[in-house]
Amino acid sequence: MAVEIPKVAYAGKIKEIPLGREGNTITVGGESCYPFHLFEGAMPHPPKIAMEVYDRAPEDWPDTALEPFADVAGDPAAWARKCIDTYGAEMIALQLASTDPNAENIPADEAAAITKKVSDAVDVPLIVFGTSNVDKDTEVLKAVCEACEGKNLIIGPLSEGNYRAIGATAIGYKHTVMASTPIDINLAKQLNILLGNLNVPDDKIIIDPTTGALGYGLEYCYSVMERIRMAALVQEDERLQFPILANLAKEVWKIKEVKLSETEAPLLGDQKKRGILMEAMTAQCVLLAGADILVMRHPEAINLVKESIQDLMIRGEG
Amino acid sequence: MVICVAENINIMSKTLGPAMKERNAGPIQDMARTLTKNGADYLDLNIGPARKGGDELMDWLVKTVRETTDLPFSLDTTNPVAMEAGLKANIKGKSLINSISLQPERLEKGLPMITRYNTDVIGLLWGKDGMPRDADERAAMAVDFIYQANEARISTSNIWIDPIATPICVDANQVLAGLEFMSMLGEIAPEAKSIVGLSNVSNGAPENLRPYLNRTYLMMLMKYDIYSAIVDGFDKELLAIAGGERPEHVKLVHDIMDGNKPDPASLGQTELEYYKTTRVLMGKVLYSHSWLTT
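These protein sequences, in sequence, are chains A and B. Per full-length UniProt numbering: the first sequence = residues 1 to 318. Per full-length UniProt numbering: the second sequence = residues 1 to 294.
Next comes chain A alone, as it looks inside the complex (with noise of 0.2 Å):
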């Protein structure tokens, strides 16, 4: 007897947000389903992996996570190109880290400057990631609108306390927001609620709900992707029908499991594996939950989960 596999009834559909500059954008959302529910709805974008770019040379990375970048350390629009044309990323994602006022704290000024560079030097759609820092995000990202007009850019994070301020800057040089919340659903939904209030149009929306690493958390930052997405599918919460970001590699590359070597934690096996499978089966996770666009930084991880992916989108029978 044949089984009649019950599917879900949606009744809402994820935005699709077009990133980057006009000509050279990639699409994001669209969904009409569970992440790879095929079976049941459309996916029409598949989720993207935008490659981590950092602003100055990383001092405290594992050299597992410096290897591949070893010769472009320290000239972004460099390494943004090795990832680009060496590593083949989708996406570009320029975390500003010296902007930190608890680091090198460079002006509002010279970090855009940076940025100014390296989206000279690509086109795909690259993301601008502050420090979470309230008031030095304001400086930095308003900046850093004003000197990438029309590159349709992707800042964040925009928070509570400064979105009104980033948010303003933003739509006047026509860039996407990321509006970020800590791992809670409802406030995720308030803050969109006012960046629409605000007149951010919807197609410039995406949220970033908070992220934390395999082992750290992530579970509960998994839970409230999904309720984001159940929200938005099922009960129709159009405030919430926006692509996801997942903002991972600087979680996982921070915990002892990856810095740890073999021979301080034998136990815990080979390093450069383990850091890429920590790694990956983050991304792995956040994706299975709904996120949009990953934000990664090694390349055989992220290799490991273009395949998923792929493999994900095959439409099978039933």
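Please keep in mind that the hints were generated in silico from the structure rather than gathered at the bench. Treat the hints with care, as some may be off.
Cut-off 25 Å, straight-line C-alpha distance, at most; resulting in silico cross-link-like pairs (DSS-like, lysine-lysine) [unchecked claim]:
#1 A:K7 x B:K284
#2 A:K250 x A:K117
#3 A:K13 x B:K14
#4 A:K82 x A:K272
#5 B:K276 x A:K13
#6 A:K15 x B:K284
If you anchor each label on the Cβ, the simulated ranges turn out as follows [as the list claims (entries may be wrong)]:
#7 A:P101 x B:P49: 36 to 42 Å
#8 A:A9 x B:S183: 26 to 32 Å
#9 B:P49 x A:T25: 27 to 33 Å
Heads up, the beta-carbon is just placed ideally off N, CA and C, and yes, glycines get one too.
With chain A's structure known, arrange chain B on it following the hints.
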């Protein structure tokens, strides 16, 4: 009619807390007079865990407030010595023990006081493993509480079951579970009374919007004949709802709960607010701080 227990005399209050510590009767007595005038049925006297000197504080507080009002008191502390001091001090008035949970040590110390002082008690559905996860666990815990109390010769009619309300901005499913349990309590124990702390549901919401959630939640609970509620004694509209003076709003909320969705365009401002808030509390619309304006 829903019995209203005013929650305002609380050691956490920025003005009354210091007054309690300094044994300054004035502000506390003023508050008690106002709450009595506003129409509260009980006054909650909350001194918190009161680990040090709780008995003296409760004794003083009961006597101080008693000078201003004839209302019964809900004595609110987790310190059993302070509880007993309060019961003694209020021996001529009526007392409600707030509360005894299902944790064994609480039952052991708390239950004998109920018969000794001939009082009522709030049976808090909080067990060894913490909070119940759904309506069924609440039902099981309610049965357990009532059984243990009956064994200690306490009549079911002296028990006010509190199914524990949790904030809507934490989890709508828990709010629903509380309502579902309330729909079952009448069959589980027809003689048992019930009580819900309304302000819990709006914890975390913007201060000026909390009354909308508290009032709507009360009307939802009235569908299941809630006996009493712990309330903000300054929310006169809430007290009017509890007093049966807003039957048209109560009917609207109950209709929405029954699935008879009104046309939002046909509703006036207040009705529209109750409509939106009911939908949020039912989990139909995900809570956000802007729920009234979207």
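Status of the hints after comparison with the structure:
Distance hint between K7 of chain A and K284 of chain B is fulfilled; the C-alpha atoms sit about 21 Å from each other, no more than 25 Å. Between K250 of chain A and K117 of chain A the CA atoms are separated by roughly 23 Å; this keeps the pair inside 25 Å, and the hint holds. Under the criterion of a C-alpha separation no larger than 25 Å, the hint pairing K13 of chain A with K14 of chain B is inconsistent with the structure, at around 47 Å. Distance hint between K82 of chain A and K272 of chain A is fulfilled; the C-alpha atoms sit about 21 Å from each other, no more than 25 Å.
The suggested pairing of K276 of chain B with K13 of chain A holds, with an alpha-carbon distance near 23 Å, which does not exceed 25 Å. For the suggested pair K15 of chain A and K284 of chain B, the alpha carbons sit about 21 Å apart, so the restraint of at most 25 Å is met. Take P101 of chain A and P49 of chain B: their Cβ atoms lie about 40 Å apart, and the range 36 to 42 Å holds. A9 of chain A and S183 of chain B have their C-beta atoms about 27 Å apart, which keeps the hinted 26 to 32 Å range intact.
Checked against the hint of 27 to 33 Å, the C-beta distance between P49 of chain B and T25 of chain A comes to roughly 59 Å, which is inconsistent with it.
Violated hints, listed in ascending order, are 3, 9; each of the other numbered hints is respected by the structure.
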